[in-house]
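Colleague: For reference, the chains in residue letters:
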Amino acid sequence: MSTLTATNDHATARPAKVVQPAWVRTMHWINAVAMILMIMSGWQIYNASPLFNFSFSRSITLGGWLGGALLWHFAAMWLLMINGLAYLITGFATGRFRRKLFPITPKGVFTDLKAALTFKLAHDDLSAYNYVQKLLYAGIIVVGVVIVLSGLSIWKPVQLQYLTALFGGYDVARYVHFVCMSLICLFLIVHVALALLVPKSLRAMIIGH
Amino acid sequence: MARKRSFLIPGVDKRLLIKDAVKVMPDLTRRRFITAGASLGALTLLTGCDVLDSDGAEEALKKVSKFNDAVQSWMFNPNALAPTFPESAITKPFPFNAYYELDDAPDIDGEDWKLEVRGLVDNKKSWTLEELYKLPQVSQITRHICVEGWSAIGSWTGTPLRDFLKLIGADTRAKYVWFQCADKDGYNSPLDMASALHPQTQMTFKFGAEILPRAYGFPMKIRVPTKLGFKNPKYVVSMEVTNDYKGGYWEDQGYNSFSGS
Chain X
0 MSTLTATNDH ATARPAKVVQ PAWVRTMHWI NAVAMILMIM SGWQIYNASP LFNFSFSRSI
60 TLGGWLGGAL LWHFAAMWLL MINGLAYLIT GFATGRFRRK LFPITPKGVF TDLKAALTFK
120 LAHDDLSAYN YVQKLLYAGI IVVGVVIVLS GLSIWKPVQL QYLTALFGGY DVARYVHFVC
180 MSLICLFLIV HVALALLVPK SLRAMIIGH
Chain B
74 MARKRSFLIP GVDKRLLIKD AVKVMPDLTR RRFITAGASL GALTLLTGCD VLDSDGAEEA
134 LKKVSKFNDA VQSWMFNPNA LAPTFPESAI TKPFPFNAYY ELDDAPDIDG EDWKLEVRGL
194 VDNKKSWTLE ELYKLPQVSQ ITRHICVEGW SAIGSWTGTP LRDFLKLIGA DTRAKYVWFQ
254 CADKDGYNSP LDMASALHPQ TQMTFKFGAE ILPRAYGFPM KIRVPTKLGF KNPKYVVSME
314 VTNDYKGGYW EDQGYNSFSG S
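Line by line, the protein sequences are chains X and B.
The first sequence begins at 0 in the working numbering and counts up by one.
The second sequence begins at 74 in the working numbering and counts up by one.
In case anyone wonders, no lab produced these hints; they're calculated from the structure.
Misleading hints may appear alongside valid ones.
[Stated by the list, open to error] DSS-like mimics (lysine-lysine), calculated; alpha carbons at most 30 Å apart, straight line:
no.	chain 1	residue 1	chain 2	residue 2
1	X	99	X	133
2	X	155	B	139
3	B	207	B	135
4	B	207	B	165
5	X	155	B	207
6	B	248	X	155
7	X	133	X	16
8	X	16	X	119
9	B	135	B	257
10	X	133	X	113
11	X	155	B	319
12	B	279	X	155
13	B	165	X	155
14	X	155	B	198
15	B	139	B	257
16	B	207	B	248
17	X	106	X	199
18	X	106	X	119
19	B	207	B	239
20	X	155	B	239
21	X	16	X	113
Just need the whole structure built from these sequences, with the hints factored in.
Modeller: So this is what it looks like as structure tokens:
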């Protein structure tokens with residue numbers, strides 16, 4: 000133990016700061032599984048009646064056919080919904096959202112975006128998000144809420160008809176659902192790429208610090 | 074009921090079978106439908122096991138679907154009416170949709186056809202089309218939503234099913250009304266009693282101002298605007314009031330049985 004301290008005094012000088020508390024890590028990975036199941040089964044459902052002039056390759060879809068994909072989609076939805084609700088409640092109740100994601104100022108976003116694009120954005124302190132991160136993480140939470148609400152309005156256009164009407168009707172709600180899926184996929188690409196570029200952020204999401 | 078229900082068994086016209094299969098499901102082997110496409114390395118990695126490749130996954134998913142049936146039936150508010158639309162919103166032409174081509178749709182002679190009534194009802198007499206046409210009719214312009222995701226708005230006229238059930242002395246405490254149809258391969262579908270008694274659930278005899286055309290289910294279709302399209306049987310030949318879950322053409326293949334919108 001003492002040799003370890005000698006060789007790595009920086010790490011043991013103060014107790015490792017927990018960047019991602021256990022509840023965030025747990026919910027993050029449950030959400031990752033749920034979202035991938037929802038997206039892959041969603042692509043197979045899309046293929047039954049495509050909105051645009053393309054279909055998703057069956058090699059990246061889940062369920063094999065429409066019936067199988069629907070079974071996956073309506074099973075994984077429970078995981079996504081329950082986990083998502085628990086995340087929102089805990090995020091607000093603990094003050095994490097307020098502390099980590101706000102305020103977001105246009106000037107801050109602009110400055111940090113410029114720094115990020117020129118690879119000058121520092122990631123020294125993982126516990127504090129820069130403005131681009133704040134915007135993306137707050138934004139993806141909103142997209143997550145909208146994709147669930149638009150999904151509900153496609154699933155229950157009679158029982159939840161006021162919600163469906165809010166989206167501009169059943170047919171429009173399908174497009175909203177699709178656009179949200181696309182935004183989540185774009186977010187995923189950036190999110191995963193950056194996690195790999197800054198491995199200690201990935202480590203923090205696994206072991207906490 | 075001249076037709077018997079036939080499943081995917083030897084002796085079935087293979088050409089037609091393949092045609093149908095290609096249209097609705099890429100995999101002929103039902104057992105593999107869940108696992109196909111799920112063998113992706115990433116998912117196996119994420120779950121840490123090959124749960125996605127097992128029959129256990131299929132069984133678990135079916136259990137969740139049964140659970141979802143119960144949740145949806147609990148959510149179902151029998152007083153919630155499906156939205157109605159003006160005539161200008163009617164989709165023209167309203168699409169023909171089935172697991173076969175229009176040429177293969179049942180071609181029923183309205184003079185010979187009779188609606189057979191069975192199960193937990195006081196009066197089991199069969200009904201001719203002429204007799205059914207004399208019952209009071211109502212109209213609705215509602216959205217038909219297909220399990221595939223597309224939708225179309227149509228104008229439907231006929232007798233509310235709940236009025237007919239009352240007329241024949243059906244036991245409305247029973248769980249289901251089970252419909253059998255003249256489609257090839259014997260289409261059938263169960264309807265839960267709460268949905269059967271919904272004010273907009275209709276024995277449909279007309280589309281717009283016309284007698285229900287062959288494409289939409291002549292002589293009778295059951296229009297259930299609170300359900301997905303496959304729960305709206307066409308070419309109906311019999312109905313049975315029953316407490317038994319008797320399955321259905323699509324339900325047996327994996328579509329959620331409640332499928333209420």
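Colleague: Does each hint hold? Answer for all of them.
Modeller: Results of checking the hints against the structure:
1. Of the supplied pair hints, the one linking residue 99(X) and residue 133(X) holds, its CA atoms being roughly 7 Å apart against a limit of 30 Å.
2. Between residue 155(X) and residue 139(B) the alpha-carbon distance is near 17 Å, which keeps this suggested pair within the 30 Å criterion.
3. A hinted pair counts as satisfied when its Cα atoms are at most 30 Å apart, and residue 207(B) with residue 135(B) does not qualify at roughly 43 Å.
4. Restraint check: the Cα-Cα separation between residue 207(B) and residue 165(B) comes to about 29 Å, which is no more than 30 Å; the hinted pair holds.
5. As the CA atoms of residue 155(X) and residue 207(B) are separated by approximately 35 Å, the hinted pair breaks the 30 Å bound.
6. Note on residue 248(B) and residue 155(X): the hinted pairing holds, with a Cα-Cα distance of about 22 Å set against a maximum of 30 Å.
7. Between residue 133(X) and residue 16(X), the direct Cα distance comes to roughly 20 Å. Compliance with the 30 Å bound is thereby established for this hinted pair.
8. A threshold of 30 Å between alpha carbons decides the hint, and for residue 16(X) with residue 119(X) the separation of about 24 Å falls inside it, so the pair holds.
9. The straight-line distance between the Cα atoms of residue 135(B) and residue 257(B) is roughly 27 Å, inside the 30 Å bound, and the hint therefore holds.
10. Restraint check for residue 133(X) and residue 113(X): the C-alpha separation of about 15 Å stays at or below 30 Å, so the hint holds.
11. Note on residue 155(X) and residue 319(B): the hinted pairing holds, with a Cα-Cα distance of about 25 Å set against a maximum of 30 Å.
12. In summary, the hint linking residue 279(B) to residue 155(X) is supported, as the alpha carbons are separated by about 27 Å, within the 30 Å threshold.
13. Pair hint residue 165(B) plus residue 155(X) holds up; C-alpha atoms about 25 Å apart against a cutoff of 30 Å.
14. Taking the CA atoms of residue 155(X) and residue 198(B), the gap is about 37 Å. The hint is violated against a cut of 30 Å.
15. Among the hinted pairs, residue 139(B) with residue 257(B) is consistent with the structure: their alpha-carbon atoms are about 28 Å apart, no more than 30 Å.
16. This hinted pair checks out: residue 207(B) and residue 248(B) have alpha carbons roughly 28 Å apart, not beyond 30 Å.
17. Between the alpha carbons of residue 106(X) and residue 199(X) the distance comes to roughly 27 Å, so the proposed pair stays at or under 30 Å and holds.
18. As the CA atoms of residue 106(X) and residue 119(X) are separated by approximately 17 Å, the hinted pair is consistent with the 30 Å bound.
19. Distance restraint check for residue 207(B) and residue 239(B): the Cα-Cα separation of roughly 16 Å lies within the 30 Å cut-off, and the hinted pair is therefore satisfied.
20. Only pairs whose Cα atoms come within 30 Å are accepted, and residue 155(X) paired with residue 239(B) is accepted, the gap being roughly 28 Å.
21. Between residue 16(X) and residue 113(X) the alpha-carbon distance is near 29 Å, which keeps this suggested pair within the 30 Å criterion.
Consistency note: the structure conflicts with the earlier hints numbered 3, 5, 14.
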